[in-house]
Amino acid sequence: KNQVEQSPQSLIILEGKNCTLQCNYTVSPFSNLRWYKQDTGRGPVSLTIMTFSENTKSNGRYTATLDADTKQSSLHITASQLSDSASYICVVSVGNNDMRFGAGTRLTVKP
Amino acid sequence: GAGVSQSPRYKVAKRGQDVALRCDPISGHVSLFWYQQALGQGPEFLTYFQNEAQLDKSGLPSDRFFAERPEGSVSTLKIQRTQQEDSAVYLCASSLAGGRPNSPLHFGNGTRLTVT
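One line per chain: the protein sequences are A and B, in this order. Under our numbering, residues 1 to 111 are what the first sequence spells out, in order. Under our numbering, residues 1 to 116 are what the second sequence spells out, in order.
Check before you lean on any hint, since a few could be wrong.
Stated by the list, open to error - Some chain A residues well away from chain B (every beta-carbon gap over 10 Å; in silico):
| # | residue |
| --- | --- |
| 1 | P44 |
| 2 | S58 |
| 3 | S74 |
| 4 | F101 |
| 5 | V109 |
Said to hold, decoys possible - Here are a few chain A residues that face chain B, going by a calculated C-beta distance under 8 Å:
| # | residue |
| --- | --- |
| 6 | I13 |
| 7 | R34 |
| 8 | S46 |
| 9 | I49 |
| 10 | K71 |
No wet-lab data here; the hints were simulated from the structure. All C-beta atoms in this analysis are idealised placements derived from N, C-alpha and C, irrespective of residue type, glycine included.
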């Protein structure tokens, strides 16, 4: 069983709408959690990083939340744009160089 | 500034051929990782280098897979006697890390390997 579970597996929304992607993890001990955006045919790019003590962090239209007690994180995208179409991958770090990847949520934004 | 560069971008190999995939990390980055990504899946860890030392190769699926980083910069992932199940995108990532747990991974755009 993957230690980092993401939902939904895929999502289609209309341009301008908001959406929320979920990440649940069982990894322990916890160092930090990152959300990456991966455009088709490209490598993942870091959007946000959250450490144990942080609950919310924003990066433009992206807002990530973390509940370290329930081991859940979410990525909220506001006022979606066509360019938001991508896979969003949740990555939980156990230590300096031990990272566990989720399978990603494939987001499609339609005009 | 230059990011992580991978070559070739695409590689088609006949089953049984050997292939070599190259990764040029960001200059000065201590840590280098190789991942395998199947279609519709997240990256799966293959191996990790800190400078020239291969500290973790637990993700390499078989002894047909070999990685090196002899001078602590450029890395090569070699796959011998390729099989169809080796078809995937191979991603390389580098980071400053080496004791900085919040350093992000900087990924290349990957090499898409197709074994026919």
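Verdict on S74/A as a residue remote from chain B, using beta-carbon distances over 10 Å: The assertion about S74/A holds, with a minimum of 17 Å to chain B.
F101/A non-interfacial with respect to chain B [C-beta, more than 10 Å]: 4 Å, violated
Status of the R34/A interface restraint (C-beta, 8 Å, chain B): 7 Å, holds
Interface hint for I13/A, Cβ within 8 Å of any Cβ on chain B: It is violated, given that the least Cβ distance between I13/A and chain B is near 19 Å, above 8 Å.
Least C-beta distance from S58/A to chain B larger than 10 Å: 17 Å, holds
Per-residue hint verdict: I49/A, partner chain B, C-beta under 8 Å: 6 Å, holds
Status of the stated non-contact between V109/A and chain B (beta carbon gap over 10 Å): At about 18 Å from chain B, V109/A clears the 10 Å cut-off, so the statement holds.
Supplied contact hint for S46/A, tested at 8 Å Cβ to chain B: 4 Å, holds
Interface-negative label, P44/A against chain B, beta-carbon threshold 10 Å: Non-interface label fails for P44/A: nearest chain B Cβ at 5 Å, not farther than 10 Å.
Closest C-beta approach of K71/A to chain B relative to 8 Å, hint status: 18 Å, violated
The structure fails hints 1, 4, 6 and 10 (numbered hints given earlier, in ascending order).
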